[in-house]
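*Asks:* Spelled out, the chains give:
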Amino acid sequence: MIKRFRRKDSTDRKGRQTDQKNKSMTTLKESLEENIAAFQNIFSKNETLIIRRFQNKYLSAAKCCVLYFDGMVNTEILNENIIQPILSNDLTDKISSINLLEELQYKVIVSNNVKIVTDMDQIVSSAVYGDTIFLLDGYAKALIIESKGWKMRSVDEPESSKVVRGPREGFTESILINLSLVRRKIVNPDLKFKFREIGERTRTKVCICYIEGLALESIFKELEQRLDKIQIDGIIDSGYIQELIGDAVFSPFETVGASERPDVIAAKLLEGRIALFVDGSPFVLTVPFVIAEASQSAEDYYNSYIFASMNRLLRMSAIILAISIPGLFLAVTTYHQEMLPTPLLLSISASRQGVPFPTVVSLVLMLVVFDVLREAGTRMPTPIGQAVNIVGTLVLGQAAVEAKLVSAPVVIVTALTGILTLMNINLIGPIIIMRFFLLFGAAFLGIYGLIFAFILVNIHLVTLRSFGVPYMMNLTSVKNHNGQDVWIRAPWWTMTLRPKIIAAKNLVRQTTKRKKGK
Amino acid sequence: MYKEQITDREAISMLLLFVIGSTLIIGIGGDAKNDAWIAGIAGILMALPIILVYSRISSLFPGKDLFDILTSILGKVFGKTVAVLYIWYAFHLGALVIRNFGEFINTVAMPETPMLVPMLCLGLVCIVAVRAGIEVLGRISTYLVFPLMAIIMIVQILAIPELKPNYIKPFLSQGIMPILKGGFSAFAFPFAETILFIAVFFSLKTKRSPYKVYFSGLSIAGVLILLLTIRNIMVLGDLLGRLYFPSHVAVSRINIGNFLERIEVSVAFVFIVGAFVKTGVCLFAACRGIGKVFNLTDYKPIVIQTGLLMIYFSYIVYDSIMEMRNWAFKVYPYYAFPFQVILPLVIWIAAEIKTRKKAKQC
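Heads up: the protein sequence lines correspond to chains A and B, in order.
Using my numbering, you'd call the opening residue of the first sequence number 7 and step up by one each time.
Using my numbering, you'd call the opening residue of the second sequence number -17 and step up by one each time.
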């Protein structure tokens, strides 16, 4: 079904694409006014296009014109380096007017990047990307002068993953700044960048970044193939691409990683992964992605390995607990009461006195309420936040218990699972879905149902692959440095090899193994 | 077509779970009473030579499963007849395991729930796993074997206060015969049931792997079963022979400081995981066999049908739990003997002759 829809869609889109091409098929003429008219035609009804005609006062042949979009260019560059030299200098004593355009390019215009171009498509696309087009009367060519200069957010600490220890810079919305952030961390000619454009209307710049000699060619080719297949009108954020190139279409789990931190991306590149920068998005994608990465934090690698391993273990067990605690509570209190010590059982049953709903209903209710509060809190303006906090904690917690809508242990279980879920920010979605799945298993057959649901989740995870790499990679293996960075973070002096499978080409990370304490 | 491949470790985990699966809950060597552990050792010793035969058959034909081997050495007609017998054996064994699970849940946990419900759950989980392929079954075994071993070990340690070593005496009070009988039943269930793994080991990487997998898997499983049998004897004493699910009762006796008590659900976890892998392997073998006999290109489209039939067959296979116990200890060893010993020996001899001949011709 879905395939059929897709095919229909893509033919539609092709039709639209050819329309667009016909419009810009005109070629440059020799006459300046005709060229300007052509551009006015292409950018008709676009009032941000600015056309500035000017002429050198000594050389009347130098009738020129610059075209640019208001707000996209740095006007200082435009005024001082392009218009002013041509306007006020005496061009006649410097230049023979035989090949004026090239002479201007070589001797007059002050800019770091100037190209002579005849291809109309290229001219149009660089104009909309913030470059200035320079036209000269009598030439069927144009100069593209780099003058990009729009306002950008500065490099500051990413909100989504803060650290106490470690670099505090985060990616911005500009792809070039993002690339420079990574480039500065890996000063090596082997770091390669490959650009392409995706999105027929947005023409979003996308850059595949990898370290030659570390990244596997098979994965690189697979990534390129999947990017080739994308036929979408626009890419606004890397999330679009993340979903379009992901392996498991019907899974809540992400098979493509995303990070906002240059240090994380640099580390992943060094492990042999491939990064994908998308213009306009501060989130950089990495492939292949395995589930162990979801609970790795940048800080793990900067703190002492003992402390980091403890945190890692806490986070990993938080995943298991966050999905199983509500189900376990339900199973034990409704099917296997004998497992509880008698005093605890008595207090639980006492607190349930007068509560009208069965445990499973109140659990589902409270879990949904928690997720509602979480979702409300995420996008809420800060001043309103306090109100929601008070309503959430007091009204829905305390008051619900006192009004005998739910029992106190249910509230405790909900709060505990909520906190445990937040320990792994990257996995919130899958954890919530798995938790409800396990809860229904437990409601159906007690702890046996819980185990069945757990096995089913495991089967699903085992079948997942990210670009050919098993999603559950290395979770149970300790041989050959496979488990060095999964449940614990091994000390740096023992991590002499890169993880296998991902960087099968060059495993050696440290050549000499340092002895303990030396 | 994509070739499925499992590593030695996955195969060992699978074999381990397969062997300890339903054995843990039903126990072995019921006849021998407090000498059941000696019967266990006897069973392992009896199993060793036949395991050697299985490994030999498997390593003579690397990359081929049981049904390929049968047709290639016994000819098309006779080979397929024997293949049908093995399909029946796998199908029946899977149904028995599902039924064991159903009886277990019905007896100890949910007497009022219709038995079909838990059996259907187990069966459906197995169907999902087998449809995903043997690789998935192997990988999931490696993931499940760790919590399982941890639980067994923890429970074993917690049971120490309950152990009464004098229950194990007197040795050999009823002579050698009950031990041999118990040993034989332990040989048939569970050790020699691993014959079905010949249908799985086509996916192993190297030629030597079957030996390694069979021997390490079986020795770990044997040691675990022995430990658990000794624990059950020491905790339960005379009661052992009279209980349907001795491990369950033995573990329920554990009580640490009035806080950690009645942890028999841990046994249920081990049992479910074991039963899942065992049924999964049986279902896989049956489906693959059916696929081979009817010359299907892939076995996956018939998994759902075979699985549902297996569940339904398990529903009607016994009338009561007494019949199940009687079958498991009294009849099953003799019923399974041809599948576990006679046919493998025939296959082995034929295979040796065939490969020798081939070697001479070359």
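Among the hints, a few may not be true.
Pairs of lysine-lysine, BS3-like flavour, derived with a Cα cap of 25 Å [as the list claims (entries may be wrong)]:
1. B/46 - B/58
2. A/198 - A/485
3. B/46 - A/485
4. B/187 - A/485
5. A/485 - B/194
6. B/312 - B/46
7. A/154 - A/51
8. B/187 - A/506
Note that these hints are calculated values from the structure, not bench results.
*Asks:* Compare the structure with each hint and give your call.
*Replies:* Against the structure, the hints:
1. Note on residue 46 of chain B and residue 58 of chain B: the hinted pairing holds, with a Cα-Cα distance of about 16 Å set against a maximum of 25 Å.
2. Using a Cα cut-off of 25 Å, the hinted pair residue 198 of chain A and residue 485 of chain A is violated, with the two alpha carbons roughly 32 Å apart.
3. Distance check on the hinted pair: residue 46 of chain B and residue 485 of chain A sit about 29 Å apart at the alpha-carbon level, beyond 25 Å; violated.
4. Of the supplied pair hints, the one linking residue 187 of chain B and residue 485 of chain A holds, its CA atoms being roughly 18 Å apart against a limit of 25 Å.
5. In summary, the hint linking residue 485 of chain A to residue 194 of chain B is supported, as the alpha carbons are separated by about 18 Å, within the 25 Å threshold.
6. For the hint pairing residue 312 of chain B with residue 46 of chain B, the CA-to-CA distance comes to about 34 Å; that exceeds 25 Å, so the pair is violated.
7. A C-alpha spacing of about 23 Å is found between residue 154 of chain A and residue 51 of chain A, which places the hinted pair at or below 25 Å, so the restraint holds.
8. A hinted pair counts as satisfied when its Cα atoms are at most 25 Å apart, and residue 187 of chain B with residue 506 of chain A qualifies at roughly 18 Å.
In summary, the numbered hints that this structure violates are 2, 3 and 6.
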